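Which chain is which? The protein sequence lines are A and B, in order.
Per the working numbering, residue 1 is the first one in the first sequence, and the count goes up by one each step.
Per the working numbering, residue 1 is the first one in the second sequence, and the count goes up by one each step.
Honestly, the hints are just simulated from the structure, not real lab data.
Reference listing, derived: stretches of chain A covered by chain B, where coverage requires no fewer than 3 residues with Cβ under 8 angstroms from a Cβ of chain B: (1) 11-18; (2) 21-32; (3) 39-47.
Please read all numbers here as calculations on a predicted model, not as lab measurements.
Backbone N, C-alpha and C define an ideal beta-carbon position, used for all residues, glycine too.
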Amino acid sequence: MGILRTEKLAVDSADDIVRVRQVVRAWAIERRFSLVDQTKLVTAASELARNMLLYAGGGTVELESLEEQGRHGLRLTFEDHGPGIADIGLAMKDGYTTGSGLGLGLGGAKRLVNEFDIQSRPGVGTSIRIARWR
Amino acid sequence: MERIPILKMGEFVLVSIQVDMHDQLAMTLQDDLTAQIVRSRAKGVLIDISALEIVDSFIGRMLGNIASMARVLDAETVVVGMRPAVAITLVELGMALPGVKTALNVERGMELLRATLGTPVETGRAPAESPNGHPQN
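Bound conformation, chain A alone:
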């Protein structure tokens, strides 16, 4: 699998969520994703960026443009050094939240992408990696 291009964005404020949406959209257009695929990936990115801001006080998003056997994809890695998630299974459930949201962020984001991987250690941080293929 080849990584064609990478970029890292900081998420420290609500304005950065908008910025993440815009950059992910631009990359998805450049990779010639369909409008529905663009919308799904941008929406997933928006959910995960906001989660990071709300629950970890911020973090970073790394974008990677991928190519594998003629297929094009985008991979996004959300990394924070927040409190971590004690029970990932519970956190993935729709409707579960420790904050003031709807509890749709993690489970919802997973449904919008082709690949979803979450690693978390309480007290250390969380890393969520998603990918969508064209």
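Guided by the hints, dock chain B onto chain A, whose structure is given.
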């Protein structure tokens, strides 16, 4: 501070969201709209989201909140113009916007509001009389 303009038209208030909203702007719109409903004694709220490229759970929740608050204030809300890709994504995300009335476009949204409120549809002019005495279409 950045704000989304709210227009008053008869007994309705209209909002067209034309920018990629950051979270605070969405919260401000929610507050401004509820204040405007009370101030103008509006019976209907129409929100045009045809320019929105995404609706995530935060914006979806805001739309639901506005509809609920408006209902408590005795006003009906219709969200119009959702793009097809946004609708597909929103449902997969797990948000079907329960309790929010929707219509395809502004025109249909206005019809829906008028029908809900029992307001006669304005044609903009008095019906003309035809030679045989029946109104023309």
